[in-house]
Amino acid sequence: MSTSDRNIERPSAGRRSPTSERLPWPALVLALLAIAFFALPFVGLLWRAPWGTVGDVLSSSSVRTALWLSIRTSLASTALAALFGIPLAWLLARVAFPGRSLVRALTTLSMVLPPVVAGVALFASLGRNGLVGRYLDDWFGLRLPFTTTGVIVAQTFVAMPFLVLTVEAALRQLNPGIEDAARTLGASRWYVFSRVTLPTIRPALAAGAVLAWARALGEFGATITFAGNFPGETQTMPLATYLALETDPDEAIILALALIAVSFTVLVGLRERWLGGLRP
Amino acid sequence: MSLDLDIGVEVGTFELAVDLHVDPGETLAVLGPNGSGKSTLLRSIAGLIAVDRGRISVDGTVLDDAERSVFVPPDERSVGVVFQDYLLFDHLTALDNVAFGVRARGGSRQLARHTAHLWLGRVGLSDFEDVSPRQLSGGQAQRVALARALAVEPRLLLLDEPLAALDATTRRQVRRELRAHLQAFGGMRLLVTHDAVDAYALADRLAIVDHGRIVQTGTIAEITAHPRSAYVADLVGTNLIMGTVGPDGLATTTGVTVAVVADFVGPAFATIRPQSITLSLHPADTSARNQFTGVVDDIDRTGGRVRVGIDGPLRLTAEVTTAALETLGLRPGDTVWAACKATDIEVSPA
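Keeping their order, the protein sequence lines are chains Z and G.
Residue 16 in the numbering used here is what sits at position 10 of the first sequence, and the numbering runs on without skipping anything.
Residue 63 in the numbering used here is what sits at position 60 of the second sequence, and the numbering runs on without skipping anything.
Mixed in with the good hints, there may be bad ones.
[Said to hold, decoys possible] Pairwise CB distance ranges (calculated): (1) G:Glu-18 with Z:Pro-104: 46 to 56 Å; (2) G:Pro-76 with Z:Asn-181: 13 to 23 Å; (3) Z:Gly-275 with G:Asp-88: 28 to 38 Å; (4) Z:Phe-48 with G:Ser-129: 16 to 26 Å; (5) Z:Arg-140 with G:Leu-114: 19 to 29 Å; (6) Z:Leu-81 with G:Pro-76: 36 to 46 Å; (7) Z:Asn-181 with G:Ala-187: 22 to 32 Å; (8) Z:Pro-237 with G:His-120: 56 to 66 Å; (9) Z:Val-268 with G:Ala-187: 55 to 65 Å; (10) G:Glu-18 with Z:Leu-137: 51 to 61 Å; (11) G:Asp-88 with Z:Leu-204: 47 to 57 Å; (12) Z:Leu-89 with G:Pro-76: 41 to 51 Å.
[As the list claims (entries may be wrong)] Heads up, incomplete: computed chain Z residues facing chain G, CB under 8 Å, no partners named: (13) Leu-34; (14) Ala-187; (15) Thr-190; (16) Ser-194.
It should be emphasised that the hints constitute simulated quantities derived from the structure, not laboratory data.
A virtual CB, placed ideally from N, CA and C, is assigned to each residue, including glycine.
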């Protein structure tokens, strides 16, 4: 093979291909500023962190209680969001019914609602004197406000739309022929859904679950409004962090770093294994 | 014991209204251009859409009857389908794709894997059991799709444009393999295609569709010899010659050797478009390597064109204009010379 042939097959490093086209410099500067904007707060946290007391704070029982509560409730919310959200996404994607766009707007409203408003709305409906809440108490003895269950309800309320939207988009893109093929092979509707549809949209499902989980983990406004701030019961990490800021800023910074570490670990860990399929 | 259907299906403003049957052990090709309703027909038989009128029955069991409100869902029909783009499950291996039907019908994991193993072997893909469908070539994916459909032992196999997704080279090889697999499968076969050559290679009988209606049915020989309309003539009204490709060309069973351009030897069929045949009253001085003589036995006028049947060692149909016919002054009983270039003859392995 001659040198010229080789040049044709493999463009030399100096030659620009369309995909590696450089951005015009003003856009590049703005993009770099955006990156700095996201990086700066973390750097600030790390810089301000009282590294000497990290061990003491993290091993204190109140912090561990809050962290454990956050992990439990956020995972429970994610599970509930998946349990109800996947069928909802399927309904929105596949069944053409009157008022579908209205239902879609309604079920994703809590994404754009200020969380405090969501909390007040939950209070008015599921609170002890709320529209439905009073019957929950009378008939089932179930009290949601100011309980751990209430935390999970508040988190699910704001987190589920992230899963619904992601899964609905994936279901719309799915070739329905795949499901037809499964039906002709003798699969019932449920078998097709669980063995073909869900596995096929697995990357979107994982992405939606991670988004919902992250939203639940970081939930503050709806939780404090609807569930209050009782250590061990409803005081999740974001609440504990906010309260610590008033009394002991150093502790708040350590709590914030702990939350970041948990989120970051999960995102990075899931990315390769589960979200790999999302990339082209 | 057969597939019998007489149905009407409306899809938007399009209406499909067909009546046909397939006998056991027979391959029927439904041939027609894209948009003629072929896929709608297939989807109705598979149970993926319900018919608006009429009924479909397989071996006397009614699958769909609009008048009596009978509808058997697709998973309860004994109908296998090989889809045009195969529609393999990308999240499963080739083996699990083939095993899917057995599992879905309640078979044990062990039985499903055993059956799938057997079928992948039959289609020559034993070495590909753990491969993802995304890594298979078009021809291999088609074989997996065929194995997947046959693994549940359907009474009826439907094939939707089975060769359309393949490139020209693989197409010829896959066509031959597919023919062998179809013959090995004892049930009824129904394939839809827009390609007449695929239909000749794979089917015993043809049904020609146009705008949702069947315009002619019959054996391949019947239809190619006597297309009943210009539409059918354009689609299939071609000269079909069976024989064996050897060093001198294509030798027919009647002892005629036809000069062809082929890159293989062995059993083959050749098609010559009637428009490619030129006629003369005397042996012509031409570059065409084929010249056959015969007696005109049929003159069939459709529109401005005339199909001239020539009976000789090789039975041929030529299509000429009315003006050309009049210039030659041809009448039934006249002796005529038919010439055709070797490059105008399409040859496929049989």
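Range first: 51 to 61 Å. Now tell me if the beta carbons of G:Glu-18 and Z:Leu-137 are that far apart. With Cβ atoms ~52 Å apart, the hint holds.
Does the hinted range 41 to 51 Å hold for Z:Leu-89 and G:Pro-76 at CB? Hint violated: Cβ distance 27 Å, outside 41 to 51 Å.
Per-residue hint verdict: Z:Leu-34, partner chain G, C-beta under 8 Å: Since chain G brings no Cβ nearer than about 36 Å to Z:Leu-34, farther than 8 Å, the hint is violated.
Restraint outcome when Z:Thr-190 is required to lie within 8 Å of chain G by C-beta distance: Status holds, d = 5 Å.
Falls inside 47 to 57 Å, the C-beta gap from G:Asp-88 to Z:Leu-204? violated, 22 Å
Satisfaction of the hinted span 16 to 26 Å by the C-beta atoms belonging to Z:Phe-48 and G:Ser-129: violated, 54 Å
If I claimed the Cβ atoms of Z:Pro-237 and G:His-120 lie 56 to 66 Å apart, would that claim hold in this structure? Given about 60 Å between the Cβ atoms, the range holds.
Does the hinted range 55 to 65 Å hold for Z:Val-268 and G:Ala-187 at CB? holds, 59 Å
Answer holds if the nearest beta-carbon of chain G is closer than 8 Å to that of Z:Ser-194; otherwise answer violated. holds, 6 Å
Does the Cβ pair G:Glu-18, Z:Pro-104 satisfy 46 to 56 Å? Violated, since G:Glu-18 and Z:Pro-104 (Cβ atoms, about 28 Å apart) do not stay within the stated range.
Between the beta carbons of Z:Leu-81 and G:Pro-76, is the distance compatible with 36 to 46 Å? holds, 38 Å
Verify the CB-CB distance for Z:Asn-181 and G:Ala-187 against the hinted window 22 to 32 Å. holds, 30 Å
Checked against the numbered hints given earlier, this structure breaks hints 1, 4, 5, 11, 12 and 13; the rest are met.
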